[in-house]
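Chemist: Sequence:
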Amino acid sequence: MCSAVVETLGESTLGNTVTTSRQNTQPQSRSPDNFFVESPTRIDLAGGTLDLWPFYALLGPFYTINLAISILTRVDVRRLETNEIRISSQGMNRNVSYESLLKLKEVARSTTVGLEELVLSEFEFSGGWELTTSSQSPVGGGLGGSSSLVISLLKAAAQLEGQTLSDLEMIEIAHNIEARALGVPTGTQDYVPALRGGINIIRYDHSGCHLEDCIDDVEDFSERLVVVYTGRPHHSGLNNWEVYKKVVERDAQTIEALKSLGQVSEHLRVSLIKKDFDSFSDIFAQELKWRLRLSKVFSSPEIERLAAVIGKLGQIKICGAGGGGCVFVWVKSTQREEVVQLCQKNGFHTLEAAKPVAKIKTT
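Each residue of the sequence shown is one higher than the one before, counting from 70 in my numbering.
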């Protein structure tokens, strides 16, 4: 499934100034009056949390492995006849307007604002525009929805500016913006599937993050995955911050758990290369064991109840920073429908629209 070809996404994800293609690219043609952009979200298969600096710098190298899914974020853009900038967030029921892009930037520098303003303030473009954002992901779903939305916003703003951003530039801007919005350090794994789709094996080491080239066999996952929303939103920034503080304090149990999660991720990488899907259940069980050893905040009463409901029919894998949100259940293909009905019968919402997304082809 995966070859040994490795592509370097960047030398750093620590907020260094980017001086590559954006500044050297010639403006493109005028943006159309109306357009939209979409980006997938993801489920993390292994190595979540390990993409936070300085975890991989202190304890790595680590692998993070994720899969893009068809729960999408979207930005609709419409030209206005004035210089006004209007922002409408359907998921947050938020509507705000600014008399100009310059005024938006002034407000963003001095006041707490939304992700939309933080992204737009990084760009220069003329005219007035209305941006409407939406997400199919439940709020606090653990599917990287906010990260996907930032990527969708960056794609839209780059088109307005008439520029082409590299993946590295988007990742660099996106994770710094989310860190500012959340007020805590953030990782970078969520941006890769939003940009590229497919299966992503990302290696984090002292030289940055590197993407192993994978053959696009995402259909192998369709019949064995059940994505379930537990009914309780989570807060990935706060959950990861608890771990972050313990690492800085050199807490022995936390460090052991992170290293063990790194080993679990390496085992999944090998199984993925071999297409040994039958081994995934045991690997996900080990991932759950060490994630809960890392911190109890990654679980919740709802997750524990779902695990009891599923029993031996499948193996639960917590998505994102856990504590609620979504999980997925890895099942035998012959038992998938039985698991779906069991979840629904017990009051859990299955995201049947969450199908694997193939690798996004770039030109």
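Hints are computed from structural coordinates only; laboratory data are not their basis. Any given hint might turn out to be false.
To be verified - Below 25 Å or equal to it, Euclidean Cα-Cα: the simulated DMTMM-like pairs (lysine to aspartate or glutamate) are:
id	residue 1	residue 2
1	Lys424	Glu230
2	Lys381	Glu318
3	Lys424	Glu318
4	Lys430	Glu407
5	Lys314	Asp351
6	Lys315	Asp286
7	Lys224	Glu292
8	Lys414	Glu371
9	Lys358	Asp345
10	Lys401	Glu318
11	Lys428	Glu292
12	Lys343	Glu318
13	Lys428	Asp236
14	Lys365	Asp351
15	Lys328	Glu318
16	Lys314	Asp286
17	Lys428	Glu168
Chemist: Give a verdict on every hint.
Modeler: A quick look at each hint next to the structure:
1. Lys424 <-> Glu230: Outside the cut-off at roughly 33 Å; violated.
2. Lys381 <-> Glu318: Distance of about 38 Å is beyond 25 Å: violated.
3. Lys424 <-> Glu318: violated, 40 Å
4. Lys430 <-> Glu407: Cα-Cα ~35 Å, so violated.
5. Lys314 <-> Asp351: Violated, at roughly 30 Å.
6. Lys315 <-> Asp286: violated, 38 Å
7. Lys224 <-> Glu292: Violated, because 32 Å separates the two Cα atoms, which is more than 25 Å.
8. Lys414 <-> Glu371: Holds - the C-alpha atoms of Glu371 and Lys414 are around 15 Å apart, at most 25 Å.
9. Lys358 <-> Asp345: holds, 21 Å
10. Lys401 <-> Glu318: violated, 42 Å
11. Lys428 <-> Glu292: holds, 18 Å
12. Lys343 <-> Glu318: violated, 38 Å
13. Lys428 <-> Asp236: Roughly 14 Å separates the two Cα atoms, so the pair holds.
14. Lys365 <-> Asp351: Since the Cα atoms of Lys365 and Asp351 sit roughly 20 Å apart, the hinted pair holds (cutoff 25 Å).
15. Lys328 <-> Glu318: The hint holds at about 16 Å.
16. Lys314 <-> Asp286: Given that 25 Å is the threshold and the Cα spacing comes to 38 Å, the pair is violated.
17. Lys428 <-> Glu168: violated, 40 Å
In summary, the structure is inconsistent with hints 1, 2, 3, 4, 5, 6, 7, 10, 12, 16, 17 from the numbered list given earlier, while agreeing with the others.
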